[in-house]
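Protein chains in written order, with our numbering: chain L, 179 to 319; chain W, 2 to 398; chain G, -5 to 310; chain F, 3 to 167; chain V, 1225 to 1371.
No wet-lab data here; the hints were simulated from the structure.
One thing to keep in mind: the hints can contain errors.
Unchecked claim - Quick list of in silico lysine-lysine cross-link-like pairs, DSBU-like style, CA-CA up to 35 angstroms: (1) V:Lys1247 with W:Lys271; (2) F:Lys5 with V:Lys1234; (3) V:Lys1370 with F:Lys5; (4) L:Lys243 with V:Lys1314; (5) W:Lys287 with W:Lys199; (6) F:Lys84 with L:Lys276; (7) G:Lys60 with L:Lys184; (8) V:Lys1247 with F:Lys128; (9) L:Lys188 with G:Lys60; (10) W:Lys285 with V:Lys1367; (11) W:Lys287 with V:Lys1247.
Stated by the list, open to error - Facing chain F, from chain W, some residues (calculated, C-beta under 7 angstroms): (12) Thr52; (13) Tyr55; (14) Asp283; (15) Lys287; (16) Val288; (17) Ala290; (18) Asn315; (19) Arg316; (20) Ile318.
The structure presented is a predicted model; accordingly, all values stated were derived computationally and were not measured.
C-beta atoms are modelled at their ideal positions from N, C-alpha and C, and glycine is treated no differently.
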Amino acid sequence: MSLKIKALTKSPWVYHLCAGGSCNNCDIEILDCLTPRFDVERFGVTLIGSVRHADALLVSGIVTKKTAPLVKQIWEQAPKPCLVVAIGGCACSQGMFKDCYTANPVPLDELIPVHAYVPGCPPKPETMIAGIVKLLGSLTK
Amino acid sequence: MSDRRIIPIGPYHPLQEEPELFRLEVDGETVVDLDVEVGWNHRGIEKLCETKTYDQVPFVVERICGICSTSHPLAYVQAVEDAGNIEVPERALYIRTLVAELERLHSHLLWVGLAGHFLGYNTVWMWSWKYREPILDICETVTGNRNHYAMMKVGGVRRDILPEHVDYILSRLPEIEKFADLIKGAVLDDPVLHARLKGVGVMTADDIHDYGAVGPTSRASGVPGDVRRDDPYAAYGLVDWDVICVPQGDVFAKAVVRVLEMYETIKIIKGCLEKMPAGEIDSKPKVVAPGEGIGRHEAPRGEVFHYVRSDGTNRPIRHKIRAPTYVNLPTYKTSVIGESITDATIILAAIDPCYCCTERMAVYKHKGDPNEPIMTGSDLVRLSQEKTARLRKEFGL
Amino acid sequence: MNILVLVVLFFVISAGTAVVGLLTTWIDRKVTARVQYRLGPPWFQPFADVVKLLGKETIVPHAASKAAFLISPLIGLAGVSLVSFIIWLAIFDPTGSGFIGDLIVVIYLLILPALAMIFGGLASANPLASVGASREMKLALAYELPFILMIVVVLIKSGGTLSLGGLISAQQSGGVYVASISGLLALVVAILCTQAKLGQVPFDAAEAETELTGGILIEYSGTPLAVFKLTRAMLYLTVPMFTVVLLCGGIGSGWGIPLGILKYVGLLVAVVLIRNTNPRLRIEHAVKFFWGHVTAIAIIAVALAVLGNRLGIGWL
Amino acid sequence: MSKKLVIDLDLCRNFDNYELQCSYNQHPGNQGILALRELALYELICRRCEERSCVLACPEDALEADDQGLLSRYNLRCIGCKSCQHACPFGTLLDDVINLMVSGCDMCPQLKSGQAPLCVTSCTNKAVTFEEIPDPLPENMFLLGNRFVVRSRHWKKSDEPVPQA
Amino acid sequence: MIEDIVKEIKKAVGKWIKGVTIKNSQRVYIDIDPAGVREVATYLWKDRGARYSIATAIDNRTNFEVQHHLSLDREGGAMVSLRSILDRDKPSMPSLAPVIKASDWIEREMSELMGIEFVGHPDMRRLLLSSEHWPEGVYPLRKDFKA
Ligand code: SF4
Ligand code: SF4
Ligand code: SF4
Ligand code: SF4
Ligand code: SF4
Ligand code: SF4
Ligand code: SF4
Ligand code: SF4
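Turn these sequences into a full structure, and let the hints guide you.
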């Protein structure tokens, strides 16, 4: 396992990207991960504001027609290696908004590569943490 | 010399559920005009509901928003029950009330926290999110999920409240009550908050009537509108509680309404647990007869309105949804104009528009390079926090 | 001392500064976390962050001027490394090494990190970054004036010694400058300027959107970002240390060492506390603050120092 | 005497291949003819068993038979699991009819004015027609309601003893 | 109780009322002539102090229907829905927005999603859909809309 990967697993900076049509619950639960009960900073996870600094994108919500180009652009702006985690049913599979008339015909994982899916509606903060930990674990194999 | 600038707030930010774009026009430090643009997160749920069966729709409408996630299903099932003249067992009515009030509790705490953040009291933020967790724990124990409870069903509720749940809820409530006392003391007696929030963003009862505003927004302006009492449903007519209404109409009044409402909510929860009769929780309706119905529920932010029309099949042919923020948001125009931009964020926050926008804003100069933002959203938050700090100093705190 | 030894020393000292500096940033984060009822990151967090950034792709934005974009972080790092080298040399060996006038050099070099940020920000051709850069510029202009005045106080007290070693020796023999009214005022000015030089709340307007967009560093990624972070970490050690040298008589030897470390830690705690108890200042306010209050304090300090010198009163 | 909507259940077999359209567009993908066929099935094809396996099989109590043995399916309870269909020993509950998504037919308003509705014009098999029906009804034709006729070989319970083998 | 209120409404603005359905003590549907919507709504909103809640537009296949829902919060909380039936080919009715500010957004929304024209609305911009993806004349809430 290279030092590079090892360091990445110890210091994942995440960028939260709300792809558009979400019910906001995933977003609130992501924020919840930062509050005293879950405190992901323990693991070096930091929520950062510029996608240039991101090691992982946490995407929530379905991609809508309006946001699809933006989502793609943001992914292109992220420095590689960069992981994409689809948070919640919406991001994983468009969930129940699949048939909405504003939904983008191409789902998230066909628009940009997705490395991990954290299903749930919304996933509990524990689930998100477990998902990220598993993803990082798979890197070091 | 007039120094006119446009401050766009929005359009969207991770925190935000219904992305909105506000264009504040400011002259110097004073807001002179406002334009609101919505629809960034428009998912066409009304149309989507026409493709789902009556049993599936609650799951869709609960995902309109994660914070009102039981208010929409509750209003919806009432609309269907109204359309099809469906009876609901009494026990189910109590359980509905219970879950709805738990939601109000956690939503108000969320608000207190974020309002604290905007005012520069980050401790308040962390604390109230910390004390929100016991409520989410209760929700998880009782309904199986922290946020999307999936309890409402046409004709009743999906899950029963077990005796051990009752004990559990009662055992966790004191924690929340203690925190409510703490917050109440901190809000009602804090001279800084008085100075900071009183007289800010005032809305008169006439404004409220003009815009049809609902919920704490209206009750803080002396309009005692509360669907729970005006048009009693579920068990709201069966337990003892009061409508909180104060006349001032400023941001402080809205905070007071929310804080005091937490006590009423706890009262309702206790009342429900006490009075809940034994029996069925679901009347198992057979069909929804053709017809139309309206369901309303007083969500944490105000009245949620659902209209359902049925043609006798098992799918609605029209489902109209109106969330409280839809009518509360336009009031921002009245409350913010003439105020200083220092207070713009907290006035917006007072509406509780699911906190959004306020985080990603940028100020643009009217003249000169139109793309050069000279002030960002966090600047606005900071302005607000500075003012608090200033006042704190004045009061020697 | 021959050149080779100097070069080796330079690298050893820079590396040491970097390590200690990173640890310091950890302390900062940990304290912040504890204030917010959280556990906070493990001790190796800053190291992991830097190592990780080194392994990441470096993206140069299309519109950016590539050379300036990539070189600026190095300028900053070079500046802070040289400063730390000179300062530590003076601390370890106040009499021997150094050269007359190294104080002036340090002052100039200390501006470099800020300049590097400004150039980097401007070079990245991102509107938000240029706003950050212009703020940093204003901020630098703002705090540089009282900073220089603070040094003038020191100069007056030392009778015009322009060498760091000289300052340290003078203080070790004749008592630290901070033990006087003007010295104390100078210390206050120094702490505030340190806060600004470190880009900490309340003077972090340049990076205002740390939580949101990263301000000046918005376009940086990978190695250059790591270099900036490292520079920042080294500044964490170096700038307070500089103050210790100027006003508190350096570290000394023997029993002076723990005392010296205590001096540094004291300054650091002051910085962290200020950061955690203050909201962010708007840039205009920061400028007003520095040119108004802080400069006033500095001028008073200068006047008192001159007066003290004239009248021969040590405690003025 | 006016024209009536006629479904020929014997001809209507091409269940997998729905070319049929319906102008009642209140629900996306609505197939009004399915609702009519369900009605016809219960009325005319179902054997009205005394021990109704279909009703017993339904996990949601969505099927009920009245004292005549006439079935009705409560669409708010039915989950479309098709257990009833599996349980029916005569196979009368057709796979494509018993659905979670219930369709609706409002007997297009143009029926009154004598125009053929969309289901008639789009049926590829001529199984749905709009025609004048002589009175009395010919053999194997049955009137349901007053505007809808089903042509089907009808089964009738007989009181004669079952011949022993 | 509710019957009395309906009687009073009939007395005040009876000329526009075509029919009344009292579903139960809390829900009343009043069929009105679209031309009189402003008068009836103003009477309820201003003279009776009803709260304007929202409006619903419905595509009935053969016509359009607009219901303005007003809540009689001060008189027992009944919901009064004013039902106007509009022409399928050219749906249009007077706007309430100049009188009742609360109807501003919903009328914009109905005009954009359902294609109903509100005559006299002061600010008929789009509310929800971006013009980029939604050309004029495409109304997603209409029944004949295909994604
Ligand atoms: S795992 Fe749960 S959510 Fe997924 S299909 Fe099964 S029951 Fe549904
Ligand atoms: S996955 Fe569920 S909780 Fe998350 S945004 Fe989608 S609907 Fe909301
Ligand atoms: S008002 Fe806010 S909390 Fe309620 S549904 Fe709308 S977005 Fe959600
Ligand atoms: S198209 Fe005609 S024949 Fe085929 S299944 Fe439909 S109704 Fe029957
Ligand atoms: S009569 Fe009309 S509504 Fe009924 S199935 Fe035919 S087309 Fe559909
Ligand atoms: S398909 Fe419906 S009626 Fe048939 S067994 Fe299943 S639930 Fe019962
Ligand atoms: S899917 Fe199969 S196994 Fe599952 S309930 Fe239905 S018939 Fe049974
Ligand atoms: S089992 Fe089949 S034939 Fe018997 S009653 Fe049920 S559907 Fe009719």
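Item to check | Hint numbers not upheld by this structure, sorted from lowest to highest | outcome: When the structure is compared with the hints, numbers 2, 5, 8, 14, 17 turn out to be violated.
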